[in-house]
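Q: In case you want the letters, here they are:
Number of protein chains: 2
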Amino acid sequence: MIKNDLFLKALKGESVSRPPVWMMRQAGRYLPDFMKLKMEYDFFTRCQTPELAAEITVMPIHQIGTDAAILFSDILVIPQAMGIEVQMKPDFGPFVPNPIRNMQMVANIPPTDAKEALKYVYDAIKLTKQMLNDEVPLIGFAGSPWTILCYVVEGRGSKTFDKAKGFCFENPEAAHLLLQKITDVTIDYLKEKVKAGVDAIQVFDSWGGLLSPKDYQEFSMPYINQITKALKDLTPVIVFGKGCWFALEDYAQTGVSALGVDWTLNADVARKLTDNKITLQGNFDPARLLSPIPKIKSMVKEMIDAFGTDRYIANLGHGILPNIPVDHAKAFVDAVKEYEE
Amino acid sequence: MIKNDLFLKALKGESVSRPPVWMMRQAGRYLPDFMKLKMEYDFFTRCQTPELAAEITVMPIHQIGTDAAILFSDILVIPQAMGIEVQMKPDFGPFVPNPIRNMQMVANIPPTDAKEALKYVYDAIKLTKQMLNDEVPLIGFAGSPWTILCYVVEGRGSKTFDKAKGFCFENPEAAHLLLQKITDVTIDYLKEKVKAGVDAIQVFDSWGGLLSPKDYQEFSMPYINQITKALKDLTPVIVFGKGCWFALEDYAQTGVSALGVDWTLNADVARKLTDNKITLQGNFDPARLLSPIPKIKSMVKEMIDAFGTDRYIANLGHGILPNIPVDHAKAFVDAVKEYEE
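Residue numbers (my numbering), protein chains in the order written: chain A, 18 to 358; chain B, 18 to 358.
Hints are computed from structural coordinates only; laboratory data are not their basis. From a predicted model like this one, the values you see are computed outputs, not experimental measurements. Where hints are given, some of them may not hold.
The list makes no distinction among identical chains, and a pair is therefore deemed to hold if it is satisfied within one copy or across any two copies.
Claimed, not checked - Using 30 Å as the maximum straight-line C-alpha spacing, the simulated DSSO-like pairs for lysine-lysine come out as follows:
id, residue 1, residue 2
1, Lys106, Lys136
2, Lys294, Lys29
3, Lys312, Lys136
4, Lys176, Lys146
5, Lys176, Lys55
6, Lys314, Lys180
7, Lys26, Lys289
8, Lys176, Lys231
9, Lys180, Lys106
10, Lys318, Lys231
11, Lys246, Lys289
Using the sequences provided together with the hints, build the complete structure.
A: As structure tokens, then:
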């Protein structure tokens with residue numbers, strides 16, 4: 018039994034005394050103790066060493082006091098497991114030396130044993146669960162197949178991922194084969210994460226908002242829905258599509274336990290689109306954590322007033338920024354805990 | 018009298034035989050003749066030399082056959098005129114060596130004589146009008162004050178413009194003073210453009226979609242509305258806020274002649290948000306021009322079917338990409354011209 022079960026209750030739609038709170042990318046970046054580890058170990062060493070991943074995962078629980086932990090990892094461990102080389106270059110971000118650009122390259126991706134190739138993740142989960150000692154639940158995550166495709170085709174981060182989109186629009190068959198291969202590995206991977214002990218999973222569709230609603234229905238949503246269908250009876254599933262407000266209504270029908278929303282969507286519109294029936298998670302603008310602390314606190318109160326305390330998980334609308342002062346992050350979490358209607 | 022008045026009719030809401038069509042960033046990038054000039058002259062030389070700007074502006078009229086010309090220029094000529102150094106670095110984009118970061122720097126920006134400082138733009142307009150010989154109308158443009166602020170504070174392009182947003186959230190007073198200074202110069206500038214001969218103006222709020230609806234109401238919309246108010250009785254005003262679907266309803270009340278929409282918004286939702294009363298412009302995904310030509314043509318037909326022929330200007334949902342084949346761009350324009358219900 019998890020002692021602080023606010024997050025799990027909100028996922029079930031049960032009534033709570035106050036909303037649970039966590040922050041996307043809470044494990045890392047803005048935390049001085051994380052920065053010390055960053056000086057010592059490179060990015061994928063931190064991901065692939067269970068002791069380091071677990072240590073980073075629990076940091077914000079003790080230092081910031083969030084109601085859930087999220088495993089320190091990266092969405093790009095999936096293409097790595099599939100044999101696609103992914104580097105994380107300092108001051109540059111993800112880099113794929115041999116990006117996927119044609120059907121032959123897609124066809125050549127061999128079958129992946131997610132159980133074997135990503136064992137270090139499951140070991141990190143087991144160790145983290147021990148360290149958390151049932152204080153708060155642990156979230157596992159994966160990137161959406163579309164978002165993974167963006168990186169492995171574009172070869173690097175991008176504002177618009179034009180090469181990735183062009184690949185899909187020029188070679189839809191190759192795109193769908195690649196998306197299916199990523200989906201299959203992701204499902205195996207998330208099932209193993211559940212076996213290893215995570216209490217919920219979140220699918221991040223960081224680049225879904227680059228597609229038109231119709232292209233989203235073709236290239237992103239069906240693959241996320243395959244993941245939801247395969248996982249939802251094993252663990253609560255949260256889907257977060259950045260910029261994908263147009264898909265909320267459809268996602269609400271797929272058996273997800275919660276939907277993430279970003280800050281460009283007002284709470285009342287999000288509630289209306291989901292017929293006021295599903296748990297929503299979000300949606301504080303991460304850059305708004307640069308505001309003075311009293312302003313952060315008043316904005317958090319307004320946010321909860323707008324979403325309501327039930328069927329709601331307080332969070333940012335995207336990952337926390339590296340330049341957020343720790344006391345500002347803590348003020349955000351505290352403001353949720355201090356909430357009174 | 019302009020011979021091809023489809024664009025101006027659509028802006029007035031008058032009935033047309035088919036929708037007019039133009040493409041954002043149609044003057045440049047993907048055109049081989051433009052690339053030749055690019056090898057010879059640097060970016061701001063092309064902007065600041067009326068003969069070059071005019072030559073580039075008319076290129077797509079002759080080569081692609083769009084129904085309107087848009088002056089080749091850049092939104093960053095405004096901060097340049099205000100004494101803020103802006104460079105355009107190859108393979109990097111805009112670069113501001115001394116970005117604005119505090120109230121003192123904002124206060125130190127001297128008053129700007131837009132008539133004097135940007136004379137080369139008005140000269141380019143006069144020359145372009147001669148070269149167009151009243152075949153099609155000429156559009157002039159400016160960046161929104163918020164979007165200009167993004168560049169001069171961030172100092173460079175960015176996915177998220179966190180420094181610019183942080184500046185506004187930490188120093189709202191300084192942000193508002195800077196936004197007002199940019200607005201004042203922009204209004205003078207656009208009035209001079211109208212005097213020089215442009216037939217309509219468009220305000221590009223390329224980064225408005227990075228703000229929450231509430232922050233948009235504070236930091237972007239009021240300044241755009243000042244511009245609309247000052248210009249709307251002189252010339253038709255088009256406002257295009259990338260990602261700003263949440264503001265469409267309010268913009269429809271401000272006296273604009275048309276609103277731009279991007280491809281993440283379905284036509285029926287855009288029509289509903291604007292009460293089916295205002296001319297809409299958009300919204301083909303620029304990356305979709307990488308599709309095979311028959312697919313482009315069928316998608317254009319679907320787009321016009323959805324928006325309707327009246328109160329509609331066919332366009333992309335953002336600027337054309339540099340890697341679009343010329344025959345694909347032309348297929349887009351041709352498909353609009355060939356449209357039959």
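Q: Work down the list of hints and note, for each, if the structure agrees.
A: Here is how each hint holds up against the structure:
1. Lys106 with Lys136: Classified as within; 24 Å inside a copy, 45 Å across copies.
2. Lys294 with Lys29: within (11 Å within a copy, 43 Å between copies)
3. Lys312 with Lys136: Neither way: Lys312 and Lys136 sit 44 Å apart in one copy and 44 Å across, limit 30 Å.
4. Lys176 with Lys146: Cα proximity of Lys176 and Lys146: none, with 36 Å in one copy and 35 Å across.
5. Lys176 with Lys55: Close inside one copy (26 Å) and across copies (23 Å); limit 30 Å.
6. Lys314 with Lys180: This pair counts as between: shortest inter-copy Cα distance 21 Å, intra-copy 41 Å.
7. Lys26 with Lys289: within (22 Å within a copy, 37 Å between copies)
8. Lys176 with Lys231: both (20 Å within a copy, 24 Å between copies)
9. Lys180 with Lys106: both (20 Å within a copy, 22 Å between copies)
10. Lys318 with Lys231: Between copies only: 15 Å across chains, 36 Å inside a chain, cut-off 30 Å.
11. Lys246 with Lys289: within (24 Å within a copy, 33 Å between copies)
Checked against the numbered hints above, the structure breaks hints 3, 4 and satisfies the rest.
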